[in-house]
Amino acid sequence: MLDQEKLENANSLEELNAEIARQMKEREKAFWKNNVDEKRKLVDALTLLMKNELDDIRVNLCVHGISKLKKQEMAQALVNPILDFSTSWFENIISSQYDILSDIAKNGGASANVDMEDTRLDYIRSLGILHTGRIKGENVWYMSDEILKVWNKLDVEFLSRVKANEEVVRLVSGLLTQYGFLTYDILFERVQKIAKIAEFDFKKFMGILINASCWQENILISEAGMIHYGVLDEDALEYEREKNANLTYKEFSYDETFKAGAVDYVSENNAYQQLIALMQVNFELDFKEANDIADELCIMLQNGDDMNEMLSYFQVALKVPTKLVTEELLKVFVEMKNTIGLWRLKGYSIKELGTVPLDCVENYRIVETKADGMRFVPAKASVGRNDPCPCGSGKKYKKCCLQ
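Each residue of the sequence shown is one higher than the one before, starting from 422 at the first, in this note's numbering.
Please keep in mind that the hints were generated in silico from the structure rather than gathered at the bench.
If a hint is listed, it holds; no wrong ones were tucked in.
No farther apart than 27 Å at their CA atoms in a straight line, the calculated lysine-lysine pairs in the BS3-like style are these:
1. K709 x K680
2. K671 x K758
3. K758 x K740
4. K625 x K570
5. K584 x K625
6. K816 x K740
7. K557 x K446
8. K624 x K574
9. K791 x K816
10. K491 x K460
11. K450 x K491
12. K791 x K744
13. K624 x K614
14. K752 x K709
15. K557 x K460
16. K680 x K625
17. K752 x K772
18. K492 x K446
19. K625 x K614
Okay, the calculated beta carbon distance ranges per label pair:
20. K492 x K460: 19 to 25 Å
21. K472 x N691: 53 to 59 Å
22. V777 x L653: 19 to 25 Å
23. V777 x M627: 36 to 42 Å
24. E717 x K460: 46 to 52 Å
25. K450 x D606: 41 to 47 Å
26. L739 x V480: 40 to 46 Å
27. L739 x K489: 52 to 58 Å
28. F623 x K460: 37 to 43 Å
29. E773 x L653: 21 to 27 Å
30. L739 x T468: 50 to 56 Å
31. K574 x I618: 20 to 26 Å
Since this is a predicted model, take the numbers as computed values, not measurements.
Backbone N, C-alpha and C fix where the C-beta goes; we use that ideal spot for every residue, glycine too.
With the sequences and hints as input, model every part of the structure.
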């Protein structure tokens, strides 16, 4: 798996892309350096790994008492724990994992058809269930003979259980899109309430979620609960919710939650769609490019950023817009602020609650500054030359928007 800490330390998109390329090159060199025998014994596959990779498997499977063993001894000691673990782990997989594992199994336990750059597979490799190497000059992902035997023993009802797991993960992803963060007990209760599958116990539920959080990037796991990838501070989110302790969570239908749980989900909010269209028309972006920026702006709104912070991000991601386009952005941002279902309001929008006045375009005017480009400032603000600028830059008014 890629080193996320090093990726997060990149100071620019250029640095990020260079770091990703470097890590992928190292990955390719490490994964496909060894030729694999026709008989693929698990202990042999483990022996080909580095000691630190064996340690990763040991930690991931919670195998105790073998940390001080030499590499060959540790490889042998991990065989039975991996086989035992694989039996229970297979019961928690989702459809995309099943498709890959099934393809490998149907090809006799080794396949060159798998996307070699799919770094999600590194997670399964770190469990000792899949391995990498070269067979007849081809890069392959493969199962050891013992793991293949476990897979082939799965009963005829296995695929239906995988589909049930998929439904659970899809609903959890949808709930997190709608609420941002939920504790495990609330998640379990809500999934049981709306799911169309047969009942399942909490232990099974947690196994499915732990696996999914290691596979999908849109949901994260914490000690207290599950988190949408866009939540910056779950404690701060819970603090905001406590201010509305008497407010119940907004109810969403099965279809709404299932739709919101798609990995490639695009908000149907009218203002969100207008924002995408604005970028496509004025900046010649394709839909994916525009949606990626719109999604980031929506996440900023969810985390409490103000409209000037959103505008600053917009200008960094694209360029300083004309005043005419900024006026259109102001309308869209205000509408998003009023109508997007907010995590801190338990899924409700400000407009739906009606407890505070709606924001409106007339509350702002647009100024262009030398340092920060376009800014929104209060329309009726009475500001002295030496007062802090109302745009939020931290500079004096005379040194900022007054110019």
